[in-house]
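**Student:** As a plain string of letters, each chain reads:
There are 2 protein chains.
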Amino acid sequence: MNHNPIRLGVLGLGRAFTLMLPTFANDQRVKLVAAFDPHQTSCELFAKEFGGVCHNSVESLCADPNVEWIYVATPHQLHKEHVCLSAKYGKHVLVEKPMSISIADCQAMIDACNEAQTSLIIGHSHSFNRPVLLARQLIESGIYGSARLITTVNFTDFMYRPRRPDELDTSKGGGVIFSQAAHQVDIVRLLAGGKTTSVYARTGAWDGSRKTEGAYTALLDFDNGAVANITYNGYGFFDSDVLMNNIGELGKIKSAGTHQKTRSNLLSGNEQHEAQKKAERNYGGAAYKNVLHVPPDGFQHFGPIIVSCDLADLRLTPYGLEIHDDNGTHQREVFAHQIPRSEVIDELWSVARLGNHPLHGGKWSLATLEVCLAILESAKKRSAIIPVHQVSAESSYATEWTRDSDSS
Amino acid sequence: MNHNPIRLGVLGLGRAFTLMLPTFANDQRVKLVAAFDPHQTSCELFAKEFGGVCHNSVESLCADPNVEWIYVATPHQLHKEHVCLSAKYGKHVLVEKPMSISIADCQAMIDACNEAQTSLIIGHSHSFNRPVLLARQLIESGIYGSARLITTVNFTDFMYRPRRPDELDTSKGGGVIFSQAAHQVDIVRLLAGGKTTSVYARTGAWDGSRKTEGAYTALLDFDNGAVANITYNGYGFFDSDVLMNNIGELGKIKSAGTHQKTRSNLLSGNEQHEAQKKAERNYGGAAYKNVLHVPPDGFQHFGPIIVSCDLADLRLTPYGLEIHDDNGTHQREVFAHQIPRSEVIDELWSVARLGNHPLHGGKWSLATLEVCLAILESAKKRSAIIPVHQVSAESSYATEWTRDSDSS
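Protein chains in written order, with numbering that gives the first Met the number 0: chain U, 0 to 407; chain F, 0 to 407.
One chain only, chain U, in its complex shape:
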């Protein structure tokens, strides 16, 4: 078996890359060997920090014989073009979410990779988080009977973080459905087995100055009878991370007043400043913070989630699971690793080196997009939508990283 690090080429050194960098830089199973980005300063920093080759075009990166996998982290509008080009050059692809906002584009990417016989993984998304995977394993094992009801809410400040204009335009993939429901739907599909049979939803666009969906609530049916209730509010008042031990989405301790600060920061700028401010936080930008050596305080997460099974409720925490069953309440903690999002590399390794199918493959992610689109359509038509592209989740990988501790 090939135990060599996976040689990664990066297409796009923007926000998504910035968020993945602590993983790539610290996980020995991958090596950053090349990149392309139109911003010269980001490329120079990349070359300096990682000794990687900086290409002067997308195609040049795709053609680089030293690159095994390409991490496509360009804006989602360019994913199809870049995934297809990568496949054309025989490269495997890890593409950021959202895979696309069009079913046809997702299908084109799947077809291109099939034709080239290259692998395709979509991520990171919060369904990679280890507590989600552990819950999935326990549900699959059947020890708690069937999963019946999944209850999940998330109250964030998404709408008032610095945004580019396209992020506030639903037709361009803006708003919380494409960006945030993508996480929540992926998680509940994984927990419920994958095949959504109907979607009923309401969306809210309450702020006339930011005219895209900032909230939604939806009921999803699954083919095995499970039901998921997913609710999201990105308008920045209540912060549901207080229900997650004050650990934020990115696995770091969060201070009280974060949402208030997000809102007040925004009021002091204008639209142009806002987009600029956002860009400056990216890799190589003026406000970029190197956090490569800051270990996480817990797993990344996407807000409170409870899976009600016949014989237990599984509550996801930033450290693992809190299991409520006939024996009381038990913490099943799995937080140990020091590298955020190393679960992405687990899956990458499993596919690239162990020959497994990805959990987050092309068809899987197309099906998640389909549910997100159904949320928008259901809210518009005010009726239930029946998806047609749903697929089952692949079996979980075997893992050996849990330890129990009693809390009652």
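Everything labelled a hint here was simulated from the structure, so no lab data went into it. Keep in mind that the hints are not guaranteed to be accurate.
As the list makes no split between identical chains, a pair holds if one copy fits it or if it spans any two.
[Stated by the list, open to error] Mimicking SDA-like on lysine to any residue, the simulated pairs with C-alpha atoms at most 20 Å apart in a straight line are: (1) K194 - I109; (2) K87 - P164; (3) K30 - P386; (4) K380 - T196; (5) K87 - N3; (6) K380 - S197; (7) K30 - E114; (8) K253 - L242; (9) K171 - E369; (10) K253 - H329; (11) K379 - S197; (12) K276 - S341; (13) K277 - L249; (14) K260 - D325; (15) K379 - N223; (16) K47 - I142; (17) K288 - E273; (18) K210 - A103; (19) K194 - N3; (20) K276 - D110; (21) K253 - G327.
Nothing here was measured: the structure is a model prediction, and the numbers come from that model.
Got chain U; can you put chain F on it based on the hints?
**Tutor:** Positioned in the frame of chain U, the structure of chain F alone reads:
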């Protein structure tokens, strides 16, 4: 104005009365003057404790000229007969929830009271709780803009508390829809203004040994555009009171492991024992606990509730409200009184002595039942149900019992 205590006659000294007794016994605005119950021991205790007259028939109680209001706390199947009889004798009526499980019976009670020109209040229910009323007042005032999304979940051990067979039979009013959704629906209707325009729901009956609905999740639309997401799981694993400062539904501090204990207690008995065990906890029963002089630790509540408005999220707590707005997080605490459920007497007094319309009148409660029935019907038909009997909430009473305290 008449400032005399309201002279109350009690019809039925069972579970509902037992739960209301700490209120009646301690609130000086009411006086228990008479009762009827087929159980002699309960009647004797009543006469001894309150000096009230014990009647030997329902009709005799209804005819008692010393009785102003009759508290109808008999099984819900008898409510119509008893409310109509009370009205026939010119008595005002406070009737327990559920008012009925039949729209026709609700209408008959409304008609009887209208004809007799007597007042009708339905309660207690958890929409009487002061934090709910305070949230309602703030929403009505418009200072936070419109209410947009109401998110509420409740995870209880309802299904494994000792039950009579009829409580596990939906056709007889058993299960969580008639008993528990009645609370949740009443609360969200009050917060959203009252007029539900559509109901989409899924129910769960997961335990073959207790064949009634133990869980549900539903989306409700309102005429003003608000949406409510109501979710309930009564299967006794996770306890959402941990999200309510460990204050239980009845306003008392709750110990960890309560749900586990409920389940294990049940396993040790059989069906007959179970019904008997339940009866023994009632007023005058072998296991009755006199808690008349134990002050509550917080307001009664029905689990976590967040009202998302344009300009704030209002989170209900056992002490009042936690308000999240542009200025941060503020506790608006209203917990001060020492008598549980005194809000029922507030409303009773407002109607009986101040001549106001009740918030929880007949038409209001019929409309809540209609939504509960729609939850069952929607889950069965798997489509949205459009209610036709909905009414707006009456205006809140003026109250002067809040104090602010900052927490951020």
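**Student:** The structure should be examined with respect to each hint, and the outcome stated for every one.
**Tutor:** Now the hints, each set against the structure:
In the homo-oligomer, the alpha carbons of K194 and I109 lie at most 20 Å apart inside one protomer (19 Å), although the nearest pairing across protomers, at 47 Å, exceeds that limit. Taking CA atoms no more than 20 Å apart as the test, K87 paired with P164 passes in neither setting, with 32 Å inside one copy and 67 Å between copies. For the identical chains of this complex, K30 and P386 are neighbours neither inside a copy (39 Å) nor across copies (60 Å), given an alpha-carbon limit of 20 Å. Taking identical chains as interchangeable, the C-alpha atoms of K380 and T196 lie at most 20 Å apart whether they share a chain (17 Å) or sit on different chains (15 Å).
Proximity of K87 and N3 under a CA criterion of 20 Å is satisfied in neither setting, with 24 Å inside one chain copy and 89 Å between copies. For the identical chains of this complex, K380 and S197 are neighbours both inside a copy (14 Å) and across copies (13 Å), given an alpha-carbon limit of 20 Å. With identical chains, the CA atoms of K30 and E114 are never at most 20 Å apart, being 26 Å at best within one copy and 83 Å at best between copies. In the homo-oligomer, the alpha carbons of K253 and L242 lie at most 20 Å apart both inside one protomer (12 Å) and across protomers (19 Å), since each shortest distance falls under that limit.
When the C-alpha separation of K171 and E369 is checked against a cutoff of 20 Å, the pair qualifies only within one copy, where the shortest distance is 16 Å, while the shortest distance between copies is 41 Å. Taking identical chains as interchangeable, the C-alpha atoms of K253 and H329 lie at most 20 Å apart only when they sit on different chains, with a minimum of 18 Å there against 25 Å within one chain. In this assembly of identical chains, K379 and S197 lie within 20 Å of each other by CA distance both inside one copy and across copies; the values are 15 Å within and 15 Å between. For the homomeric pair K276 and S341, neither the shortest alpha-carbon distance inside one copy (28 Å) nor that between copies (53 Å) is at most 20 Å.
In this assembly of identical chains, K277 and L249 lie within 20 Å of each other by CA distance solely inside one copy; the values are 17 Å within and 48 Å between copies. Taking the closest pair of Cα atoms, K260 and D325 come within 20 Å of each other only across two copies (9 Å); inside a single copy the shortest separation is 43 Å, beyond that limit. Proximity of K379 to N223 under the C-alpha cut-off of 20 Å is restricted to the inter-copy arrangement: shortest distance 17 Å between copies versus 27 Å within a copy. For the identical chains of this complex, K47 and I142 are neighbours neither inside a copy (51 Å) nor across copies (54 Å), given an alpha-carbon limit of 20 Å.
For a Cα distance limit of 20 Å, the shortest separation of K288 from E273 inside one copy, 18 Å, qualifies, whereas the shortest one across copies, 62 Å, does not. With identical chains, the CA atoms of K210 and A103 are never at most 20 Å apart, being 26 Å at best within one copy and 45 Å at best between copies. In this assembly of identical chains, the alpha carbons of K194 and N3 never lie at most 20 Å apart, being 36 Å within a copy and 64 Å across copies at closest. In this homomeric assembly, K276 and D110 never come within 20 Å of each other (Cα to Cα): the closest approach is 38 Å inside a single copy and 65 Å across copies.
With identical chains, the CA atoms of K253 and G327 are at most 20 Å apart between copies only, with a shortest distance of 15 Å across copies and 29 Å within one.
Of the numbered hints given earlier, the model fails hints 2, 3, 5, 7, 12, 16, 18, 19, 20; all others are met.
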